[in-house]
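Peer 1: Next come the chains, spelled out residue by residue.
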Amino acid sequence: MGEERASGSIGSSPSRLDAWEKVTGRALYVVDLKLRGMLYAKVLRSPIPHGRILDLDVAKARALPGVAAVVTGKDFPYVFGATILDQPFLTFDRVRFVGDPIAAVAAVDLDTAEEALSLITVELEPLPALFDPVEAMKPEAILIHEGLSGYALAPGIFPVGGTNICNHFKLRKGDVEEGFRESDVILEETYTTQMVQHAHLEPHAAVAQVDRSGRITVWSNTQTPHFNRKALARALGISLHQVRVIGGPVGGGFGGKNYLKAEPICVALALKTRGRPVKLAYTREEEFGAAPVRHPTRIRCKTGMRRDGTWLAQEMEVLFDTGAYADIGPRVCRNAGFSATGPYRIPHVRIDAYCVYTNKPVGGAFRGFGMPQVTWAVESHIDTMAEELGIDPVELRLRNGVEEGSISATGQVLHSVGLKETIRQAAKGIGWGEGRKPFRGKGIACMHKSTVTPSSSAAYVKLNEDASATLLCSAVEMGQGVSTALAQIVAEELGIPVEKVSVVFPDTDVTPYDMATVSSRSIFFVGNAVRHAAADAREQLLEIASELLEADPRDLELRSGRVFVRGAPEKALAISDIPLGESFYVGSKGAGKGKPVLGRGVFHVPDATPLDRETGQGKNPSTFWMYAAQAAEVEVDPLLGRINVLRMASAHDVGKSINPQLIEGQIQGALAMGIGTTLFEEMELEEGRVRNPSFLDYRIPSALDVPEMIPIVVEEPHRQGPYGAKGLGEPALAPTAAAIANAIYAACGVRIRDLPISPKKVFKALRKQKGDQEERPTRT
Amino acid sequence: MKRSIRLTINGFPYEMEVEPRRTLLELLRDDLDLTGTKEGCGMGECGACTVLLDGRPVKSCILLAVQVNGREITTIEGLEKSDGTLHPVQQAFIDHGAIQCGFCTPGMVLTAKALLDENPRPTELDVRRAISGNLCRCTGYQKIVEAILACRRDGEKLDGKGPESGS
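Residue numbers (our numbering), protein chains in the order written: chain A, 1 to 780; chain B, 1 to 167.
No lab work stands behind these hints: they were computed from the structure. Since the model is a prediction, treat every value here as computed from it, not as a measurement. Using N, Cα and C, we set each Cβ at its ideal position, and we do this for glycine too. Heads up, a few of these hints could be off.
What follows is a set of in silico ranges between Cβ atoms, one per label pair, in the way DEER data are often shown [stated by the list, open to error]: (1) A:704 / B:13: 53 to 63 Å; (2) B:129 / A:638: 20 to 30 Å; (3) A:272 / B:33: 37 to 47 Å; (4) A:155 / B:129: 44 to 54 Å; (5) A:644 / B:8: 15 to 25 Å; (6) B:67 / A:140: 57 to 67 Å.
Throw the hints in and build the complete structure from the sequences for me.
Peer 2: And the structure:
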C-alpha cells in the first residue's frame, strides 16, 4: 500500500522522550527534590572494619537545636537483605566494615546534621578483621556473621554453617577427571580482579515521608521499586499497600542502585519526624565505600583440550569477596557460577563458586553480575591454550563456541545463539590477521550472559481520546533509554507516532508490578508486557470501531492513527473520532457508543527451572542468553609499559534492534566502563579503609581515555522476545579486559593475570622477560 | 556573618546576603532553586557543577559565592531562548543521542558552548580536551563528541587531523 510507518517505529532511532528535560536542566532527580518542611540527614559510620559497639550515646546530638530526630539500631532493630536477611538498617552490637551505619540524624540543614554527628559518642572494641577471602573461608577464621545459620534465605542460596561462606554454588557435568585424562594439553592458572565502583554521577539518594496514618512514601533513585516496597514493608511488619515507592529520572545505576540502599535509614528517621520529609543523599566519599562495589574475585581455571583444539574439560574455582553483608552476592556467585565456563560446548565441567564474607565494602550488583570477572579469567586462559596448541584464538573460539541447539553447562538447550557471528564480526571489525607493527597487537574475547529467571512484568496502556497514549509500567529509566524503547513498542502496536506516547515514572501505587530494572531484562520482560498491553488496547479499540464502521473486528486494520476496513479503504475512522471517554456519540449511530480503552499486558516465565543443589543442572535457568565478542588493537610502549588502546570492535547479538542509536550508546558506554576496569580503576584498601574515595584518585575514563569504538549489531531473533529482541545493557564491559590483555600479549609477549593492567605491571613483566632471555614466539 | 553580593544569573540581576563560606553551587541549587546544575563530587573533580563565569567554564562547587560578586553567571537554565528555542549545542545533543542519564549533561553542554564560542572550528582532539574535565559514566563520550563537532560553524565534521589546509 506504500503507507509510511508511524515515526519512531521499531528499528528506527527517534529522539529520546526525556531528552528535552535533561538537556535544559529541567529534569528533577531525587537529589533535586525539595518538599515543605524537609529535613536533611547525615549518617555516622564505623571508622573501623570490625568491632563490637560497647557504648553509644546520642543524647547531646538529640538536644542540639535544629535536630528533629536521631536513630540508632537500638530504636530501629530491623534487618533487610536481597538474598540473606543479614543487614541491619543501623548496626546493633557489631560493626562489620568501615562505613557500616551506626547512627543517623535528621536536621533542618546539613550543617546542623553534621554538627550533631560530632556530638555522638561511640565506644568501639576492635575485633580481628578479615580482608582476604582465602583466609576468611578457612574454618578457623573469626565469624563475621555468627548467626548465619539462622538467617532467613532466598531460595537457591546455600551457606556453609559455621563459616564465612554465605553461598557455595556447585556445577558438575560429565566427569572432569575423565576429561583431563583424555586431554592432550592441560593448563592451569589463577586470575584475579579488583574492587571497582559503579561511580554513577548521581549519588544514592532518597526522600521519605510518613503521614499521620503511618503510610510511608519514599522517593528513590532505585532500580528496584517493587522489591524495595516489599522489603521495607516486610522489615517493618506492615502491609505492602502502606508503602509507596516513587521513582523519577535516575542519574546512572549500573546495578549500584539495586535493592535497598539509602531508603532504610531515611525511612527510620522519617518515622520519628512527625510527618516531616527527610532527605538523605550520599556524598561522593560515601559512594566510595559505604555504597556497594563489584566483587573482587580470585579464579582458578584448569582447561583440558585435545591437540586439535576440542575442548574436553573445564574446572574452575571462583571466589567472590562479598564484603561485610551478602546483599546480592550469593546470587552473583550462583549466576556467574553456572555461566562461568563461557559460551562453549564442553562435555566435562566442574565449577565451585564461593561467596565469602570479609570486613570490607559490600559486593553488590554491578553491570555484568560476575560475568566480567569470569570472562576475564576464561578468555585470557583460552588464549593461553591457543598459544600452547598453536591454534589461532579466533579459530579456537569458533571451534568450540555454542550454536543454536547446543547444550549448556547446566543442560539447557540453547536458542537464539548469535555468538559465532559476533566473533566473526568483531574479528573482521578489527582487521584480524591484517598488518603487523612492532609492539602492536590484536586480541579477541567473547562472552555470554544469562538473565534473571524467572521474573515477571505487567503494564497498562491507556489510549487517550485524541489517539495519544500513556504507558504505565515500572521500568526504571536510568539513561539506557528504556522508556523511549517501550514507547516505540506502544507506537508500533497502535500505529501512532512515538511522539504521541508518554511514559509515567514508576510509582508502586500506580504502575503495575515489574521485578526490577536489572539483568538486561527490561526490553524482553517489560517489552513483552507492554506489547501485550498495547495489542490489548488495539483489540479493544477495534471492537468499538467495528460497531461504528459496521464491520467485523477481524477485517479492521490500525495504521497511522486511523482504523481502516480491509478491502474498503473509503470506510475509515480516525482514532480521535472514535468515542473513548465520553460515551455520547452524536450522529446517526446513536448515543452511548464507545468506552474507555485500557490495555493490559502481563508477561512471565512459567517454564523456568531451579538448578540442582549438587550438580547445578537445570533445563531453563535463563529465558534468554546474550552473546558478544570484542576485539582490541593496542600499542605497548616497551620502555615504560604504557598501554595505548587504539581501537575496539564490539559485536553484540541483541535478538532484534529496537532503537539503533540507543543500542550504540549502550555499547559505547559499557565499553568505556570496561576500559576503566581494565586499565585505570581500583579501590585501594588499607586495613579495610578506602584510601582513594574520590575521583581524584579513583580515575574513571574521561573523554581523552577512550579509544575509537566500533559498535556492531548482530540479530539472532528470540522466539519469545518482543519482535525477537533480547537484552543489551550488560555485555559490553565483560570481554574488554581479556581482549586488551590478549592484545598486549600479542604485542609484546607479556601476560597479565591480575586486574587492573597497569603500566607498572607491564613494565615489570617486560623487564623480567628481558632478564629471563626467553624467546617468545611472536604472533603473526 | 552574611555578606552582600550582586550577581547576574542568566541575564537577571540578583542581590543577596550570603555566608562567606557558601559555595556558588549551594547558592544556585538551594537558594535559587536552579537545580539544573548538579553536584557529583563536591570537590571539583567531575564537572557536573560546571557553570559559565563571564562565559568561561568553572566548577561552581569549589567557588565561593562571594568570589563571584559583580560577575555574570550562565547556568543550563539560561541557555535556551525566551521562546523556548534550544541552543544549537542542546539540539545537537538531542539529535546525536548524546544524552543518557542526563546528570553530566548540563555541565557538558555549557563546557561545549564555551569551547565553540572561543573556537568555532575545533578538531576532535580539541573537543576531547575541552570536555576532559566533565566526567560521564554512561555514554563513553562518543556521541557527545559527535554532537559537539556537528556544531562547528561551517558544519564540517573533521576526522581529527586538524583544519583542512587552505580553508
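Peer 1: Decide, hint by hint, whether the structure agrees.
Peer 2: Hint by hint, here is what the structure shows:
no.: 1; hint: A:704 / B:13: 53 to 63 Å; result: 38 Å, violated
no.: 2; hint: B:129 / A:638: 20 to 30 Å; result: 27 Å, holds
no.: 3; hint: A:272 / B:33: 37 to 47 Å; result: 28 Å, violated
no.: 4; hint: A:155 / B:129: 44 to 54 Å; result: 52 Å, holds
no.: 5; hint: A:644 / B:8: 15 to 25 Å; result: 45 Å, violated
no.: 6; hint: B:67 / A:140: 57 to 67 Å; result: 59 Å, holds
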